[in-house]
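All chains should be modelled from the sequences, with the hints used to inform the complete structure.
Chains as they are written, first to last, in the numbering used here: chain A, 34 to 154; chain B, 34 to 154; chain C, 34 to 154; chain D, 34 to 154.
Don't take each hint at face value.
Just a few of them, taken from the derived set where beta-carbon distance is under 8 Å, the chain B residues facing chain C [unchecked claim]:
id : residue
1  : Cys67
2  : Arg101
3  : His104
4  : Val131
5  : Leu147
6  : Thr149
7  : Ile150
The set of hints was computed from the structure by calculation and includes no laboratory data. Note that the Cβ used here is the ideal one computed from N, Cα and C, for glycine as well.
There are 4 protein chains.
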Amino acid sequence: MKPIGKTRWAIAEGYIPATSSGPAPQMTSHETVCILNAGDEDADVRITVFYADKEPADSYRVCVPARRTRHIRFNDLRPAISVGTDFASVVEASVPIVVQHTRLDSRQAENALLSTIAYAE
Amino acid sequence: MKPIGKTRWAIAEGYIPATSSGPAPQMTSHETVCILNAGDEDADVRITVFYADKEPADSYRVCVPARRTRHIRFNDLRPAISVGTDFASVVEASVPIVVQHTRLDSRQAENALLSTIAYAE
Amino acid sequence: MKPIGKTRWAIAEGYIPATSSGPAPQMTSHETVCILNAGDEDADVRITVFYADKEPADSYRVCVPARRTRHIRFNDLRPAISVGTDFASVVEASVPIVVQHTRLDSRQAENALLSTIAYAE
Amino acid sequence: MKPIGKTRWAIAEGYIPATSSGPAPQMTSHETVCILNAGDEDADVRITVFYADKEPADSYRVCVPARRTRHIRFNDLRPAISVGTDFASVVEASVPIVVQHTRLDSRQAENALLSTIAYAE
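Put into structure tokens, the structure is as follows:
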């Protein structure tokens with residue numbers, strides 16, 4: 034399939050709720066970046082995390098193989114992003130990808146969800 | 034009416050929650066692709082589903098007639114997409130369409146919703 | 034202020050939940066189109082509603098005055114859109130506007146929300 | 034990092050729920066504009082708020098420093114925006130930024146969330 038997407042994306046929202054209700058890992062409060070690489074070349078992806086009051090973190094590197102999707106929880110990145118902290122991110126790739134941002138918040142007894150396609154250019 | 038939209042769309046997020054609360058089919062946890070064909074020609078639509086750890090599924094074909102909308106639950110596609118599995122999709126059409134992605138998650142007692150216009154090019 | 038936006042927008046998702054919990058009208062399940070007219074000329078807006086199995090409804094006309102926003106509940110349009118029915122919409126305006134789609138679903142005891150900027154061209 | 038984004042954004046939806054459940058400030062019902070300035074120059078940002086039935090408010094000024102994100106609650110802007118009132122906003126910046134809109138609604142016992150990337154031009 035012909036690749037689809039862009040190589041530079043941004044998500045201005047970011048926040049990992051500090052607490053959770055319900056069985057882990059499914060119902061653990063999480064912040065996710067969903068990446069689709071529909072093309073025939075592996076994508077070398079770099080995620081840079083920005084904060085309100087300090088310099089951007091060293092960036093994270095992930096590979097999204099050709100014709101695959103990866104839904105990456107910010108919770109799982111190491112070094113870890115602090116919970117309960119405002120952040121934002123820029124996602125850059127070696128080939129066109131599509132990026133969507135989703136949060137599951139289970140701080141209260143019933144979970145809440147949000148999602149949006151990220152900003153591309 | 035003059036057609037509106039594009040012929041190639043992508044949704045990087047995809048996940049059918051494995052359980053539900055409340056009366057089916059209305060409150061069954063579902064993942065939906067909403068397609069609008071505002072123009073005067075029927076749209077021949079192909080949905081390709083991508084996974085984290087295997088090759089894309091054979092694609093699904095649907096028709097969205099002229100001046101109609103179809104809200105298609107990924108739950109209803111056959112062969113079936115496994116529940117509780119990360120996926121993503123590319124939607125291609127023979128004429129311009131508009132694509133929006135919605136999930137209703139009723140794993141817990143009260144439902145949660147997310148929605149976003151898909152990425153177009 | 035210089036106008037911002039486009040004159041043609043589409044929302045592929047549309048569904049007015051048939052039931053509600055909590056005090057009306059605030060917590061009544063609703064589907065809303067939010068329109069911003071940031072410019073100095075009134076916007077003459079036409080909303081055309083599309084269905085799954087019948088021809089588009091006669092379109093609805095609304096005015097969004099210069100430098101005003103209007104959040105219009107699809108529930109309030111007359112002739113009425115049936116509840117519990119899939120629909121989609123195209124929003125056309127005489128001057129540039131910005132369109133966002135929001136739903137509050139209170140079928141269950143606790144409400145759920147979704148929102149997305151519409152598709153523009 | 035090379036800047037990403039645009040200098041003019043709009044959010045057509047805006048509503049601060051009048052009541053809340055759960056511990057403040059975390060679970061207080063709020064409406065947020067998330068701004069990312071990934072570039073190397075501080076962003077001088079102006080937020081203009083539009084209403085349904087009166088002229089736009091005097092605009093608010095905020096600074097988003099280089100390589101920082103700020104998640105600004107509309108609840109915290111002064112002079113205050115009335116709760117339970119429809120509004121919309123235009124966000125303009127001196128350098129490219131990315132803007133995302135999020136609401137946490139805790140009027141009922143369990144919270145609901147919505148989010149979308151704003152409209153850019």
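Going down the list of hints, with the structure as the test:
1. Cys67: The hint holds - Cys67 of chain B has a Cβ within 8 Å of chain C, the shortest such distance being about 4 Å.
2. Arg101: Arg101 of chain B check passes; min Cβ-Cβ to chain C is 6 Å, inside 8 Å.
3. His104: Since chain C brings a Cβ to about 4 Å from His104 of chain B, closer than 8 Å, the hint holds.
4. Val131: Hint holds; Val131 of chain B Cβ to chain C Cβ min 4 Å, cut 8 Å.
5. Leu147: Cβ of Leu147 of chain B sits 6 Å from chain C, so the hint holds.
6. Thr149: holds (5 Å)
7. Ile150: holds (5 Å)
In this structure, every one of the numbered hints holds.
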